[in-house]
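Letter by letter, the chains look like this.
Protein chains: 2
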Amino acid sequence: MISKSQISFVKSLHNKKYREEHGLFIVEGVKMVNELLASSFIIQSIFTTENYLKNLTNINPKAKKIDVNLVTEPELQKISTLQTPNEVIALAQIPFDFRKNHFDIAQIKDKWTIMLDDVQDPGNLGTIIRIADWFGIKTLITSLNSVEAYNPKVVQSTMGSIFRVEVLRIDIEQILQAAKVPVYGALLEGDNLYKAEFSKPGVILMGNESKGISDRIRKYITAPLSIPSFGQAESLNVGIATAIFCSEMRRRQ
Amino acid sequence: MISKSQISFVKSLHNKKYREEHGLFIVEGVKMVNELLASSFIIQSIFTTENYLKNLTNINPKAKKIDVNLVTEPELQKISTLQTPNEVIALAQIPFDFRKNHFDIAQIKDKWTIMLDDVQDPGNLGTIIRIADWFGIKTLITSLNSVEAYNPKVVQSTMGSIFRVEVLRIDIEQILQAAKVPVYGALLEGDNLYKAEFSKPGVILMGNESKGISDRIRKYITAPLSIPSFGQAESLNVGIATAIFCSEMRRRQ
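Those protein sequence lines, which keep their order, are chains A and B. Sequential numbering of the first sequence, starting at 491, is according to my numbering. Sequential numbering of the second sequence, starting at 491, is according to my numbering.
Hints are computed from structural coordinates only; laboratory data are not their basis. Cβ coordinates follow ideal geometry from the N, Cα and C atoms, glycine included. Please note that a few of the clues may not be correct.
[What the hints assert, rightly or not] Straight-line Cα separation of at most 30 Å, DSSO-like style, residue types lysine-lysine; simulated pairs:
| # | chain 1 | residue 1 | chain 2 | residue 2 |
| --- | --- | --- | --- | --- |
| 1 | A | 628 | B | 685 |
| 2 | B | 643 | A | 568 |
| 3 | A | 521 | B | 685 |
| 4 | A | 521 | A | 599 |
| 5 | A | 501 | B | 643 |
| 6 | A | 685 | B | 685 |
| 7 | A | 643 | B | 643 |
[Unchecked claim] Covered stretches of chain A (in silico footprint by chain B; criterion: 3 or more residues with CB under 8 Å from a CB of chain B, positions within the stretch not fixed):
| # | stretch |
| --- | --- |
| 8 | 621-633 |
| 9 | 721-727 |
All chains, please: the whole structure from these sequences, using the hints.
This is the structure:
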């Protein structure tokens with residue numbers, strides 16, 4: 491059973507404004523919620539049908555102080571962000587550092603980091619978080635004007651990787667100014683990715699879907715890199731380009 | 491002005507059944523239609539507002555026997571496959587070889603080809619066609635059970651590459667049986683992509699989004715390859731994996 495006020499509360503979290511106000515985001519589906527339960531994220535509540543409750547592993551509501559609500563399928567439908575609602579919806583806390591735009595330069599020193607300048611498509615960001623997880627990149631930094639990482643479409647498309655990769659949202663210009671680290675920027679007119687120097691840990695910087703890396707940020711690139719083209723396509727999708735950069739970086743190690 | 495029967499004809503092409511019956515598919519947007527006009531595809535008709543007609547380059551309706559219909563924006567809205575309809579819609583012929591499931595073994599001998607076993611998501615197929623175009627792979631073979639390449643969502647997500655890469659739809663088992671070519675198959679338990687032999691031109695074979703390459707097809711793989719993982723993500727998206735394979739193939743040349 492779910493109350494009217496609970497319905498309107500969960501539905502409010504479909505919107506960025508209320509996610510930021512309450513510091514909570516939505517996770518849907520047995521597989522995703524099981525990954526959430528296995529993570530260090532703090533879960534506030536779970537809405538599920540009786541049938542699916544038994545598919546949740548690692549759930550110990552008392553120990554974890556999770557408010558578990560048994561609901562009907564039509565009730566789930568009302569609060570879901572999906573067209574075909576899943577069997578379970580969880581509300582979890584957005585990490586403090588993301589909410590507060592916190593960042594410590596030490597997080598990117600001598601480490602590989604992905605940094606996104608104004609990536610707008612939720613599916614692209616979700617895919618990039620999954621790529622970071624695959625290639626063992628622990629920190630992903632999104633600019634203030636990028637799509638918000640806790641948007642339900644981003645969350646679902648990470649396939650659980652959002653619980654393992656630290657995603658931050660900060661003024662990337664400020665960081666690039668302060669941090670003296672290599673910045674490998676994806677530019678169509680950059681040096682050949684396969685041949686250029688690309689071994690010292692640094693920032694893999696990707697730009698907006700249509701405009702690329704902005705002029706404001708471009709000047710911080712220490713190594714402009716480009717994926718050689720062998721055909722006539724004008725560009726590659728930003729998720730695809732990120733994957734090729736990360737793969738090439740790992741290959742060389 | 492567009493007639494009721496024209497509206498229902500174009501709308502019928504939103505569905506695979508009628509695309510196959512009429513051998514026509516839909517292309518939307520000034521950029522896409524300009525790429526179509528620059529290609530060897532045969533265009534049957536164009537619906538556009540007067541305003542946007544002048545943005546179409548290479549258009550010579552008489553020489554190309556294109557039926558150009560000036561319409562209003564609300565009329566375009568009625569026939570569009572998009573939520574925000576573009577300024578122009580073209581109907582073009584689906585290539586004969588695709589429609590008839592034609593194929594000649596010579597098309598894959600001593601060449602790089604991408605082959606897809608049961609890829610279902612239109613966005614993934616569109617992205618893979620764009621990747622093929624970027625990396626200069628001229629032929630992409632889809633299995634009979636893959637999503638149809640002339641689905642409007644596939645077409646739009648290729649960003650024009652569908653006019654430059656030959657896409658075929660055939661019984662891939664039959665081809666793999668007959669063609670004695672290297673088959674590089676993406677398998678989670680394959681050999682390290684970065685270290686394995688991967689130089690002789692052959693087929694880059696990718697599988698279904700959740701099930702991978704089917705057992706029926708798997709036995710034709712001559713070189714099982716895997717992208718090494720450095721983190722905890724269970725898998726990579728099929729478009730991402732295809733891109734990394736194609737990039738690694740080109741890097742070695």
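Now the hints, each set against the structure:
1. Our distance criterion of 30 Å between C-alpha atoms is met by residue 628 of chain A and residue 685 of chain B, whose separation comes to about 25 Å.
2. For a cut-off of 30 Å, the pair hint linking residue 643 of chain B to residue 568 of chain A stands: about 28 Å separates their Cα positions.
3. For the hint pairing residue 521 of chain A with residue 685 of chain B, the CA-to-CA distance comes to about 33 Å; that exceeds 30 Å, so the pair is violated.
4. As the CA atoms of residue 521 of chain A and residue 599 of chain A are separated by approximately 34 Å, the hinted pair breaks the 30 Å bound.
5. Only pairs whose Cα atoms come within 30 Å are accepted, and residue 501 of chain A paired with residue 643 of chain B is accepted, the gap being roughly 29 Å.
6. For the hint linking residue 685 of chain A to residue 685 of chain B, the alpha-carbon distance of about 17 Å falls within 30 Å, and the restraint holds.
7. At roughly 18 Å between alpha-carbon atoms, residue 643 of chain A and residue 643 of chain B fall within 30 Å of each other, so this suggested pair holds.
8. Under the rule that three or more residues need a Cβ within less than 8 Å of chain B, the assignment of the stretch 621-633 of chain A holds, with 7 such residues.
9. Check on the stretch 721-727 of chain A: 7 of its residues sit with their Cβ under 8 Å from a Cβ of chain B, so the three-residue criterion for coverage holds.
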